[in-house]
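2 protein chains.
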Amino acid sequence: MIYDTAIIGTGPAGLSAALNLKIHQKKFIWLGSKALSDKISKAEKISNYPGLEDISGQEFSRRLSRQARDMGLEITEQMVNSIVSMGDYYALLAGNEFFQAKSIILATGVINKTALPGEERLLGKGVSYCATCDGPLYKGKTVAVICNASRFEHEVEYLSEIAGKVYYIPTYKAAVERENIEKVADRVVEIVGEEKAEGIRLSGGEVINVDGVFCLRNSVALSALLPKLTAENGHIMVDRKMATNLPGIFAAGDCTGRPYQYAKAVGEGNVAAHSVIEYLAEKRSDT
Amino acid sequence: MIYDTAIIGTGPAGLSAALNLKIHQKKFIWLGSKALSDKISKAEKISNYPGLEDISGQEFSRRLSRQARDMGLEITEQMVNSIVSMGDYYALLAGNEFFQAKSIILATGVINKTALPGEERLLGKGVSYCATCDGPLYKGKTVAVICNASRFEHEVEYLSEIAGKVYYIPTYKAAVERENIEKVADRVVEIVGEEKAEGIRLSGGEVINVDGVFCLRNSVALSALLPKLTAENGHIMVDRKMATNLPGIFAAGDCTGRPYQYAKAVGEGNVAAHSVIEYLAEKRSDT
Numbered sequence: 000m001i002y003d004t005a006i007i008g009t010g011p012a013g014l015s016a017a018l019n020l021k022i023h024q025k026k027f028i029w030l031g032s033k034a035l036s037d038k039i040s041k042a043e044k045i046s047n048y049p050g051l052e053d054i055s056g057q058e059f060s061r062r063l064s065r066q067a068r069d070m071g072l073e074i075t076e077q078m079v080n081s082i083v084s085m086g087d088y089y090a091l092l093a094g095n096e097f098f099q100a101k102s103i104i105l106a107t108g109v110i111n112k113t114a115l116p117g118e119e120r121l122l123g124k125g126v127s128y129c130a131t132c133d134g135p136l137y138k139g140k141t142v143a144v145i146c147n148a149s150r151f152e153h154e155v156e157y158l159s160e161i162a163g164k165v166y167y168i169p170t171y172k173a174a175v176e177r178e179n180i181e182k183v184a185d186r187v188v189e190i191v192g193e194e195k196a197e198g199i200r201l202s203g204g205e206v207i208n209v210d211g212v213f214c215l216r217n218s219v220a221l222s223a224l225l226p227k228l229t230a231e232n233g234h235i236m237v238d239r240k241m242a243t244n245l246p247g248i249f250a251a252g253d254c255t256g257r258p259y260q261y262a263k264a265v266g267e268g269n270v271a272a273h274s275v276i277e278y279l280a281e282k283r284s285d286t
Numbered sequence: 000m001i002y003d004t005a006i007i008g009t010g011p012a013g014l015s016a017a018l019n020l021k022i023h024q025k026k027f028i029w030l031g032s033k034a035l036s037d038k039i040s041k042a043e044k045i046s047n048y049p050g051l052e053d054i055s056g057q058e059f060s061r062r063l064s065r066q067a068r069d070m071g072l073e074i075t076e077q078m079v080n081s082i083v084s085m086g087d088y089y090a091l092l093a094g095n096e097f098f099q100a101k102s103i104i105l106a107t108g109v110i111n112k113t114a115l116p117g118e119e120r121l122l123g124k125g126v127s128y129c130a131t132c133d134g135p136l137y138k139g140k141t142v143a144v145i146c147n148a149s150r151f152e153h154e155v156e157y158l159s160e161i162a163g164k165v166y167y168i169p170t171y172k173a174a175v176e177r178e179n180i181e182k183v184a185d186r187v188v189e190i191v192g193e194e195k196a197e198g199i200r201l202s203g204g205e206v207i208n209v210d211g212v213f214c215l216r217n218s219v220a221l222s223a224l225l226p227k228l229t230a231e232n233g234h235i236m237v238d239r240k241m242a243t244n245l246p247g248i249f250a251a252g253d254c255t256g257r258p259y260q261y262a263k264a265v266g267e268g269n270v271a272a273h274s275v276i277e278y279l280a281e282k283r284s285d286t
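In the order they appear, the protein sequences are chains B and Z.
Mapping of the first sequence onto numbering that gives the first Met the number 0: position 275 corresponds to residue 274, and the numbering continues sequentially without gaps.
Mapping of the second sequence onto numbering that gives the first Met the number 0: position 137 corresponds to residue 136, and the numbering continues sequentially without gaps.
Don't read these hints as lab results, they were simulated from the structure.
Note that the coordinates shown come from a computational prediction; the quantities given were computed from them, not determined experimentally.
Every residue gets a Cβ at the ideal spot worked out from N, C-alpha and C, and that includes glycine.
Heads up, some of the hints might be wrong.
Stated by the list, open to error - Pair by pair, the computed Cβ-Cβ distance ranges are:
# : chain 1 : residue 1 : chain 2 : residue 2 : range
1 : Z       : Tyr-259   : B       : Lys-140   : 39 to 47 Å
2 : B       : Val-109   : Z       : Thr-170   : 44 to 52 Å
3 : B       : Ser-84    : Z       : Arg-239   : 39 to 47 Å
4 : Z       : Thr-170   : B       : Gly-233   : 46 to 54 Å
5 : Z       : Gly-233   : B       : Ala-34    : 41 to 49 Å
Take the sequences, apply the hints, and build the full model.
Following this line, the structure appears as structure tokens:
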């Protein structure tokens, strides 16, 4: 089965796109956190969203969740690890599941993370974004896990059950403790290695030698996911139709640039969905 | 007093811009109908506006009105008849009031009306958009009034008190009846005249000779208001910042093109407001 589109991201832009695609009865997969946007629930008060006066972030988030549920929208809680163009459609690896889609809407939010030096070059060569997928390759070996959210802790635990030794570099107050897990307080500044990942360099300069490096982050660096995507200052370049430079790939919300605002995000999600609908119609008439 | 900006239009795009400019404490004038958007209140059910599930148009409209009121936003219920660039700022004639603004946000909605042949050429030469302003010039004379909404009926009555004879061409089911008002059922296809307006041509070919022509429409044709504005297929061309080709003039909502959607409109209004804020900051640092 090839989906009409895959929406990546469950913030307001992703939701807005999903609502419209649902109404237009498109077949799509919606990938991201079931909790929708962390950022929203943490917002104290939203004063400039038309139609919802002085609403708290939590209440806004509840409304969006309820609306998604009532509209029958389903979220697949997997992180996208890889996107490959298959000519006429795209193949996505999300968690350890594989999806195919004719088009993609990137609604990934502000892209805080840019890839580490060495990360893109060594991706698939000892660098992995998915413990479930690639963990088994490191039986009894030494791995480093760079992790930026507690939701990946079960993956860290999973790796500790396979690997002989895990260097654990969380960027938040982490809770995982195991005998073969060594927490590293220092920051990772580089993934080193020639043909394959051989170690991580810490901000102090020290290199820890490892057999593999897992980067478990809320958002994969888009530059690693789609190296040919045109971006500027960390923002995906789009036109007025929210089309990126890659055919069938659209983007919406904070990932396309400032202002980082809910109203902008829902507007762009709406436009991206309509552009996907147009794109699919054109594709159909081509064949 | 020169306003920071003038927002033209009180639909969702205009409201979204106004909310943001208010929060940023900009001085602005907001021109349009106090009833906000007619189109919204007539919408039966809105299913794709994030945060407001299956809301009726009337309820959405009520919410927007309440939000505008609670945020202290004031609407000046005047139609803009003319915009003139004064180099560093713009002069606007709205109704019979005169305003000055450093920037403008056009949020005028779908532009159904394009100007009639002859209308732009003869504007100010017998063609007028404002009965209150130009009515007195036609004492005892014959005028034609092309009118597309009942809210202008008092202006038609006003003209009938001044003029000797009024040809009244409403595009809706009109109620005005006066002894010197002759209702014309046919459609106007052209305003004729060389140096000044001399008559109106009806779709049947017949020409009615008049001294002046009043076009009272919910929205003035933007091509007449801002002849140098770049438009395509009746849509104002904007970039990702909602900037038009004219310095300091931004546009948002349905007037910039499809999809004609509330989410898009509020998103674009938000972006336009932020672009105005940036524009004003740059202007200030220039001087």
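The hints, checked one at a time:
no., hint, in the structure
1, Z:Tyr-259 with B:Lys-140: 39 to 47 Å, "57 Å, violated"
2, B:Val-109 with Z:Thr-170: 44 to 52 Å, "48 Å, holds"
3, B:Ser-84 with Z:Arg-239: 39 to 47 Å, "25 Å, violated"
4, Z:Thr-170 with B:Gly-233: 46 to 54 Å, "50 Å, holds"
5, Z:Gly-233 with B:Ala-34: 41 to 49 Å, "43 Å, holds"
This entry does not satisfy hints 1, 3, going by the numbered hints stated previously.
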